[in-house]
Amino acid sequence: MAETPHPAQRARPLSPHLTVYRWPVTMATSIVHRATGLALSAGTLVLCWWLIAVASGPDAFNEFTSLAVTPLGEVILFGFVWSLAYHLLNGIRHLAWDLGYGFAVPTANLSGIIVIAASIALAAGLFALAYLGHGGYYQ
Amino acid sequence: MSLETPLHKVRGMGSAHSGVTHFWRQRVTAAALVPLSLWFGISVLGLVGAHEAATLAFLSQPLNAILMAAFVMVLLYHMLLGLQVVIDDYVQSDGQKVFLMLLVRGLSIAAAATAIFALLRIAGPL
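Taken in sequence, the protein lines are chains Y and Z.
Taken in order, the first sequence gives residues 630 to 768; the numbers are from the working numbering.
Taken in order, the second sequence gives residues 28 to 153; the numbers are from the working numbering.
Errors might be hidden in some of the hints.
What the hints assert, rightly or not - One side only, chain Z facing chain Y, incomplete, derived with CB under 7 Å: (1) A57; (2) L63; (3) S64; (4) G68; (5) I136; (6) A138; (7) T141.
None of these hints come from the bench; they were simulated from the model.
A virtual CB, placed ideally from N, CA and C, is assigned to each residue, including glycine.
Can you make the complete structure from the sequences, with help from the hints?
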């Protein structure tokens, strides 16, 4: 009896948590919606940084663009574009739910898969469009 | 039996004391951001790799400047509402909650002021 730990100190079974569940699509899309929202918050500040760099003359502009064309800069830009595409498409899914549509489990699973696939396609498309002609299509 | 006074019930503010204000504003800004984000993705991303002159020419067009200002303002407001939910979910101490909300609001206002100033400066005098 002396070896038995106090009930409060024994390792009690925990309720299943993130690491235990096989992630359902709806759970993954929900978590990614929040994560992309946080990423876009940082991206919005970078967008304001770009605007003030454009407004501040050639030195600031060249400093910003020289950082943007590094591999890390391009990864960040693609991450921003994909986050925007995902948050936009999944946001439309959320607005549909708010109006009362698409709550059935098979529908919610299907719309989740569609959003994931479409966000990758939209981001890749926008990124390709942006790089078409190497140097912006306004020149 | 409810402990709510009739006036409280009529106002419908609930435990958050602001009713559906936050919920509604988050949805309205989300809906506004659908066309604005599409414009941003298709038009503004075309400036990737553009020279300074082309960038200035694009942003000094009145329609582009107005849409850019609207996009950044609505984006920052939607961001503020979203970050408030994240803070409410994960931060338990009231002191930290107030501090982080003030920080987010301060950053949003600073970013908004910077963006407006930048766009006005790019557009230049008439």
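Structure-based check of all given hints:
| no. | hint | in the structure |
| --- | --- | --- |
| 1 | A57 | holds, 5 Å |
| 2 | L63 | violated, 10 Å |
| 3 | S64 | holds, 5 Å |
| 4 | G68 | holds, 5 Å |
| 5 | I136 | violated, 11 Å |
| 6 | A138 | holds, 4 Å |
| 7 | T141 | holds, 5 Å |
Figure legend: structure checked against the earlier numbered hints; hints not met, in rising order: 2 and 5.
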